[in-house]
Structures are given as C-alpha cells and as structure tokens.
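There are 4 protein chains.
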Amino acid sequence: MSLPAEFHEIAKRVNNWGRWGQEDEIGTLNLITDEVVKDAAATVRSGRRVALALPLQQDGIQTGMIPGRVNPLHTMVQINQELFGPGTVATSDDAVTMGLQAATHWDALTHVSHSGKIYNGRPAGTITPHTRARYSGIDKAEHIVSRGVLLDVARAKGLDRLPGDHAVTPEDLDEAAAFAGLTVKPGDIVLVRTGQLQVALAGDKHGYGYPSPGLSVRTPEWFHAHDVAAVANDTLTFEIFPPEIENLWLPVHALDLVEMGMLQGQNWNLENLSTACAEARRYAFLLSAMPEPFVGGTGTPVAPVAIL
Amino acid sequence: MSLPAEFHEIAKRVNNWGRWGQEDEIGTLNLITDEVVKDAAATVRSGRRVALALPLQQDGIQTGMIPGRVNPLHTMVQINQELFGPGTVATSDDAVTMGLQAATHWDALTHVSHSGKIYNGRPAGTITPHTRARYSGIDKAEHIVSRGVLLDVARAKGLDRLPGDHAVTPEDLDEAAAFAGLTVKPGDIVLVRTGQLQVALAGDKHGYGYPSPGLSVRTPEWFHAHDVAAVANDTLTFEIFPPEIENLWLPVHALDLVEMGMLQGQNWNLENLSTACAEARRYAFLLSAMPEPFVGGTGTPVAPVAIL
Amino acid sequence: MSLPAEFHEIAKRVNNWGRWGQEDEIGTLNLITDEVVKDAAATVRSGRRVALALPLQQDGIQTGMIPGRVNPLHTMVQINQELFGPGTVATSDDAVTMGLQAATHWDALTHVSHSGKIYNGRPAGTITPHTRARYSGIDKAEHIVSRGVLLDVARAKGLDRLPGDHAVTPEDLDEAAAFAGLTVKPGDIVLVRTGQLQVALAGDKHGYGYPSPGLSVRTPEWFHAHDVAAVANDTLTFEIFPPEIENLWLPVHALDLVEMGMLQGQNWNLENLSTACAEARRYAFLLSAMPEPFVGGTGTPVAPVAIL
Amino acid sequence: MSLPAEFHEIAKRVNNWGRWGQEDEIGTLNLITDEVVKDAAATVRSGRRVALALPLQQDGIQTGMIPGRVNPLHTMVQINQELFGPGTVATSDDAVTMGLQAATHWDALTHVSHSGKIYNGRPAGTITPHTRARYSGIDKAEHIVSRGVLLDVARAKGLDRLPGDHAVTPEDLDEAAAFAGLTVKPGDIVLVRTGQLQVALAGDKHGYGYPSPGLSVRTPEWFHAHDVAAVANDTLTFEIFPPEIENLWLPVHALDLVEMGMLQGQNWNLENLSTACAEARRYAFLLSAMPEPFVGGTGTPVAPVAIL
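Going down the list, the sequences are from chains V, A, D and S.
Position one of the first sequence corresponds to residue 9 (the working numbering), numbered consecutively onward.
Position one of the second sequence corresponds to residue 9 (the working numbering), numbered consecutively onward.
Position one of the third sequence corresponds to residue 9 (the working numbering), numbered consecutively onward.
Position one of the fourth sequence corresponds to residue 9 (the working numbering), numbered consecutively onward.
In isolation and in its complexed conformation, chain V is listed as follows (with noise of 0.2 Å):
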C-alpha cells in the first residue's frame, strides 16, 4: 500500500522543506517574530485569562484503544513528611506517569512520518529509543507565545457541536473568520472549534474519539496559504475520524507536521475560550502554549492560556 497520488499533490502544493534552511526544525513557529508577538500582546483588552488544558488525573479521557497513551498515573511519594525531624515543617511531593499525548497536548513535528521522512526531509530513523528525536524533539519549539484566533466553526453555524461526520473544510473556516470578524495573519495560531470536546466532558470517552468531526484533507492547503504557525482543536484525533477517503488514514497529520513543518494541538478544551469570545464580541487574544521541553519528545502536556 503507498499514499494515493491526490495525497502527493497536495503534499508537493504545502510543502515548506528547506525554506527556512537546511538546518531548520521548528518549521511555521519561524513565522512567530519579535513584531508578531509584539502586536499579539497589543490584542489584550480585558486581562481576562482562559485556561484551555483538560485536567490531568487517572480518569482521564483515553480510553487504552492507543496503545501506550496512557492516562497520568498521578501518586503522591511522600505525604506532610518531616524530613529533618518529629515537629519539623512537613512537606509533600509527588510523581506521574503518562503518555506525553494523553491529554491536552501539541504533536512534535516528529510525531508523524511518511514514506520515510519526517519534517524537512530528514530521515525518519533519526528517532531511535535512546536519543528520542534527534531533529524537531518537542524541546526545539522553544517558546509557543502569538497571537491566537478562535475560529467558532460550530458556533459560526448556530451549532452546540458539529455532527461526527462532518470534515471542517476551508470554507468552513472562512465562515468563521467571518463570524468572528477578523483577518487570520501570518504567525497566527488557529484554534478550531467543533464542540466534539463536549462528547468527553459528558463522560463518553469512546463517543468522543470515535465517530469524530476534525479537519478535512483540504484545510492544510488554507493554513499554508494563511502561513499559519500552528494549530489546534477539540479533538482526539485533529482530522474527521474516520477519515474522508478510503484507507487514507491521517493525511492531515502528515500534511501539517511533515511537508509543511505546523505543529498541531489536540484535545484543547475551547469551551470556556468560546463563551467568553462570543461575550466580548473579539475572536483574537494573546496566546501562550509552552511546551515542557522534553528532550527529543514527540509530544507533550501543555496548558494553554489566552489571555482576553
């Protein structure tokens, strides 16, 4: 089995190896200057703050169908210890173990490969057990801070959620830039709303994975046209799953991470950033997305935070 040739031809049309250099493994956060944070930071308004990462805990939202995502076992190691003594301050700590994709989190560009390659051409086999990832590990995006835009794509349509078979398509998008009345501009990270999120918090952790709206195969093209530096959603999987065309599984993965070097944010929670968007009539704010920088990661934990 290989890629279809319709996957080939959109790969060729959004494909962004070498045009930051050879070297380069942060891919779209280059379109992230100085001036676009600087401007980013000029959208704050109200100083009103929306956390948009799930809560981390045992019960959390997968469901073991992917092997190795594991739910953070989250364990206390000591508990009000006194370390130097009977009567002493007493202190507490903890550990975790977790899949770094668990829950709310950013795929390394390196967390997808195809025909061999990963981003800017580099071989996949650079991701071996002991080093991780060599080129593009999650530490190289050292700081995920611009301007963010919430695109409503369910609300631009009087919907609570999109339909778990519906593919957000360009025009989609579109739609809700213009419900939101904003240009997207270069260095803009995009948030796409669905609702699907909703799914989970009712607590079907199965309905919410699985059927799933997400991106259609034809949004890459309108990132890279918009030069968008990232992107992320309310679902398990980012694109419509099941996917659009027979036995094309994760073409939008492929598309973003590898040919055109975007990161991609999953399982964000948009819900509170949507009510407030919509009460303060503004679609744009200040957004930071730090990733912990695991060396090598092909993923990590993130708790975003927009700030009104």
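Honestly, the hints are just simulated from the structure, not real lab data.
Backbone N, C-alpha and C fix where the C-beta goes; we use that ideal spot for every residue, glycine too.
There may be inaccurate statements among the hints.
Lysine-lysine pairs mimicking DSBU-like chemistry, simulated, CA-CA at most 35 Å apart [to be verified]:
1. S/K125 <-> V/K125
2. A/K46 <-> V/K46
3. V/K20 <-> V/K125
4. D/K193 <-> S/K46
5. V/K46 <-> A/K165
6. A/K213 <-> S/K213
7. V/K165 <-> A/K46
8. A/K46 <-> A/K20
9. S/K46 <-> D/K165
10. V/K193 <-> A/K46
11. V/K46 <-> A/K193
12. S/K165 <-> S/K193
13. S/K193 <-> D/K46
14. S/K46 <-> D/K46
15. S/K165 <-> D/K46
16. A/K125 <-> D/K125
17. D/K213 <-> V/K213
18. S/K46 <-> S/K165
Derived coverage of chain V by chain D (criterion: at least 3 residues anywhere in the stretch with Cβ under 8 Å from a Cβ of chain D; other residues may be distant) [stated by the list, open to error]:
19. 67-76
20. 130-141
Only some residues are given here: those of chain A computed to face chain D with a beta carbon under 8 Å [as the list claims (entries may be wrong)]:
21. L81
22. T83
23. M84
24. A103
25. T105
26. P137
Put chains A, D and S on the given structure of chain V with help from the hints.
The following block gives chains A, D and S in isolation, referenced to the frame of chain V:
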C-alpha cells in the same frame, strides 16, 4: 521539637488565612486581577520571548538525595509505527515518569504543612494517597499570568553569582529593584536571581544543591508588604541551604506556602533572562507560567516564558 | 456503617494475632517449616513444570475500574544501542510502570485493614506514602515455597467453570480434595480453581471481574482449621463478587489477611495446571511462588511455578 | 570498529544457532528436561530455603550511569481506602516504575546483539519500540527451574571477595567445582560467586560497578562444554569490568546471549547462599528463578530461591 517563637512571630505578621474567605484555595494568586494582567500585557515592547525551563531528561538535576523526586524517565512507546498497515502514515509516541518537582516547577500551596495545617488553616490530613491534595492542589491555580519582574540580586551586586552562604535579604531585594529602576506592585510575580543555577549547568549537581544561596527567613515579610502574587528563583531549595537558624528547616517554605498562601517556583533558569533584561535595560515583562493541571498535585513542572 | 456481628464472630474464631509472637509479620507463612518443604520436594515425580502467571503487557486484565491498578506500560529505553561506539556489542534495555496488583499477584498482609488495624493488631496508620508498609510488607514474606495442592472445584463438579454467582464453600473444598484424593496439610498452599479466568482469556475483561464466583465468607474457617499457609485462585477479587451478604464487602480479605495473617493470590492462571493434574492424576506438587521483594509493598507480581 | 578475530573464533566454537531448530527462542534452556528437574528436586535434603534477590527500593544499586536503568520508584496509590464507604474494609494499593534490569535480574537472550544479529541468527531489528523483542523475549523463557550449583570462587580461594581486576577463568570454575565436590552437568544453572556484591551492601554503589571482578572471555567455552543451561553471578556487569581485552566490550554477553543462547543473571545476592552451602557442605540444590513474563521483555526482575 517544635518551631521556635521567632518563626511564630513572623508567621503572625504574614498570615493571610481568611483574607480571601474561608473557601479560598489559591492565596495570593487572588492579587492577580484582570486589571493587573492588562497592565502586564502593556509592558511588552519588543515581543522578545525568553523561556525559563530546564530541559526535561534522565540526566536532570536530581541526584537521588530527595527520595522519590526522580529525573524524567522519558521513553518511546512506538516509533514510526504504521498503525494502519504497511506504507501508511506512521506515528511515534512517548511516555514519561517523573517527580512533579524534579525540574523547573511550582510548589503548590500544599507542598508544605506545619503544625498539622496547610494554607487557610485546613488540616494537613486532607492530603491523602487517594485524593492527593483535596484543597489547594496545583489544579486550583488555574492560570498564572501576570507582570513578572526580575530582581537580579547577583547582577545588582556586580557578581556572576552569589556565594553559597549568602541569604538574600529584604535589603538585597530593594537594592535589586533600585538597580532595575522599578517598584514591585501588588500582583507581581517576582523572579529572584542568585546565579546559582550556573553550578548545575556546569555539571556539578551536588554543588548546586549544597551549599546554596537563597531567600532569607526575613523575605516573606517583604513579599507580604509588597503584595507579591508568587516568587520563583534559580535554586534547588528556594531558601538558603543550610538554613540561617540552626534546626529551623524550610522556614521560608512554611511562611510563604502555609501562612501567606503564596506559590513558590524553583530551578528556574534565569540566565538568559538576566542577559535579555540587561540588554533591554528593562526588568519588567509579561510572564506566563501556567501549571499543568494535575488534580490534587502538590507541585507541577512548568515552562515559564517572559515576554519583553 | 460498621462491620456486622456475624463478621466479628468469625473473626474471633480465625484470629491468629500473637500466635507467633508480638513481633511476627508473616502470619501463616510460619507454618512452612523446612520439614514441610522437604516433604514438598518429595512430591515431585515427573519434573514437569507448569507456569501460572499471566503475560505482563499493556493489554492486560485491568479495565480501569480499580483506580491506579494500571496494566504494565512496558517501554524500551534503548534498542541495540552500541554503547561503546559503532560496531561494538549492542544492548537493549526496558522499563515498566505497573500496579503491583495488576496481574498475577500476591496480596501482602497489609493490602487490607479493618477497624483501623492490620495483621497482628498493628495500627493501619503504619502504612504511609513514605515508608509504604512498615510492617508485614511483601518483602517480609521472604520465601514462598511449599507443597501446593490444586482444589479444582470446577472439575470436581464436572464443570468448565463455576457460574458467576457461585460462592465456593467449605463443602466444595472438601469435595475437591476428595476428588483429588488428598488431604490438605499444615503449611500447604492451596490453589482453588473456579475456571473464571477463562472469561478473561476469551477477551471479556469486564465479565471476568463481575459477576464472579469466588470464595465464600465461610472458607476462612476451613483454611484456619487446616492450617493452610496461603491461598490463591483464578479470579479478580478472590472472593465471590458481588458479595454474599449485602453491604459486607471484602469480608474474606479482612478475615484472611488481617485476622488470620494468611496471604492471598489472585489472577493465577490455573488452566494448564488443571489439565496437567488431571493427566497425572495427582493434585499435589512442589510450588514456588516467590514475591518480588518490594520494600514495604502491599502486593507483588508473582510468577508461580508448579513442579509435578 | 569491528569485533576482533579472537572474538569470532570463540564465537564459532560456542555457537548454538540451529541446534534446537530454526524456530527456537530459548537456547540452552532446552537442556532443562523434565528428567533434569526431577533429579534436581531429589537434591533437596533439609528444605532450607535461601532467597537471592536484592530488596526493591528507590535506594537501590543503580547510580544513574546506565541511562534509563532506574531504581524502583515504588509509590502508594491508595492507603487504607474505604472503597465501599466509611467503616468498611479498607484497601491499600501500590505501583512501581523501574528498569527491568535495575536490580536482581535475568537478561533475556535479546538483551544483546552484535553484527546486527540476536540469538539464532535473527535480525536485531526485530526488536522495536512497539513490539519490544518479537523473538526470544523473556516471556518465552517460560519456566526456569533446575538444579542450581554454587561455584563459590571466592571461598574456594579462601577470600572474602575477589579483587576488582580478577577475571574468573575456566580454571577458577574447575577449582570451585572441586572445592564443592561436584560435577557440573547438562541443564545445571551455575551461580558464580565473586563476593563483589559485598561492596554494594556496604553502601559503595560506584565501587560495586567499577572496577569489578567477573567472568573471563574464556568462560563461555567452559559453559558450552558443560552444557550449562544458565549462569548468574553477584556483579553488576557479569563479566570483568573494565574488560580484559582493550576495546572489546561485553564479549561474554555477546558469546553467552547471542552465540550460545544462554541466559545470564546479574546482581544476585549469593552471600547467604555461600554461608548455607558451607554449613551444609553441599553446593547443589533445587533452584527456582522464574522470570516475570513481560511480553517481549529484554530482561526481568527475578526473585530466585535455592532449596537445599
């Protein structure tokens, strides 16, 4: 053994129990109002970002001396796995085990108790293995974004780093604020630079921890007087170690976390920030330092970013 | 709510506190003398070995219903790593995170407490996050080797497996002993086969746990009367689940572990052993079921072997 | 760099590829027949049991020098949790993260490869992050029970322990066998005592690992000639470290595991066994050393027991 009278006198003066109501779980984070954040965003001039977290890796700063505070064991769960058959898009996933306070971190208010109490007078016994911290867990500190100010004590004194027996005093903080040409305001997050992290960065992990400069038992009153929202620095223990007063261990922890209800950060890398502030001749900036929302966590890794 | 009078009456009859002294931490394992082991070795006829542990893997028997009892997350730390340079001998290493009671395991005596006490009348509060079990941790059960006897209750009744609502009674145990043609002796380790593990082996993890046949609240007296050293079976909960007496949860655990001081084993795969014993027409053998010596552990994975 | 001619010559002489068929995954464990085990059981005289595993705890023997081989992080998941309501029977559960080769362990045959091959000529590339070891994983070594013989090299020489630069030779093994008054037979599991573990038990973890006595590159031929089933000893590296021949690292591993297909055990505590054998004046016993069946594991913790 019990805590000395001197401790209890300071405790009375900085105590914030009940100040934000009996139900309060976040202490001085209450001082970060929308207005404070709005003003903080207005401090951004250049858009330059400086990341403050140490890399997360097995070869981290922990030496094994603090039981259970283990360096990140970061392993690949799958590498270039063609989940949907040969020739399809391939994915890589990873997982981690780590102490939540192993690297750059926030202590939750519940990290420390004394005399059987945690912040706001609740029983220390509300921390259990099953619930972890029922009150004031790190997940309650929902968003930590404010004006950050760097009090570069080492640079203000013309030193690369403070000697190992230097207790940073209120006078040192005043001196550094004067050097920075700023006034610390309510809701600020104060970053105190000693330069001690250089020892760890040079490879001497044991020397980093002991002996180490750090905050004096006299500083909590200074933070209280200035209504600071949170404090972080570039040392392992936060306060001077070994302590100033014989057999009075971790008094600053007890005063800051338990009495005042003020979060502390440790192992923050302030080296690049020191350079950036010196170059910009400005020591105030927008700081985003979002906790990972571990439910009931007594600490969290954090990837702070200063936006100048 | 408190435990009913019926429970306390049985408790009195099976209680072994003080029987081996106030300092004792291993309970009925004291019954395994050198003489018992010598005789056990003499039961070996053919040298045939039957392993009784389930495979350890992410796709294990845990369903997430017991908080924190996580299936093994087994990851490679390095693969064919040429540690000493290209062309040298290469090594592979792996690591695991797992609940100690996740698969085939022994409960330590401290796995259960009731009315604030563990075995031998010690306070339950001696189990702490820092020390784990100070007394009667699984590391104290230094060597578990004895005569094993299979009481194949299902086979004795001519059934593949017992129905889900079948409480195994003392009469059932007598029947199985008669079927086996043996007398249970002091120091024996008794393996009780219900056949229930077949449900898990067929892929129905939820059905394996509930409803499940298991030991009746009346069996501890039988074990006590026979001076059995330890008991294991092929179910998730060991005792019948849901329980025989409304709102009396885990009474067999409380009687065996706390009152009698007798170790319990769960999730033992007795299917091949059942066949081997039937073929050999002998139901007694040498059993080695050594605990991994987790210091202060309240349980341990175990890889038991029957030598026929 | 490639392995020297000397290595390849020995390799040819001890190679067992194909000896038990192309499908074989367990190598010299094939030598442990039912007959061998039956005879082994007959060696039991007193019923005395000696456990050979080190305690599993955070303060274990690993020093951080072998990446990812982490000491057990053993944490409580719940303590005296009244799962079914106040006053009910309470349970305690724990979990662990550890390197499978961190303490007393077996190396699986797949722990080592050289020249791109593992045992029986299979490609080293069959070990992957997803499958771990597809062939010869430790789960394939289903039951390891046989006659154990202690070759107490240190005691035979009248030493407490061998010096750090002592390579145990075939002549040393013959000497120890003569001292023990026994002949090593096909299917035996040979335990070689150097006394080196005393260094670790005395608290010097670094000194334990380096320099360390261990097996000479000449011993694999001796094991091959005697048709030994498996070998374990009381050192960190198994073979003498640093090695006898400059730049020839881990040759014994490569010969034993890859060429011969013979399992190796390390960090076995043979101190009590040495005493027990000397007291009994017998150095042969029944040994049970069952691997935990980690699917595709390249090693496993083991809790061996000698039954005298």
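Numbers of unmet hints, in rising order: none
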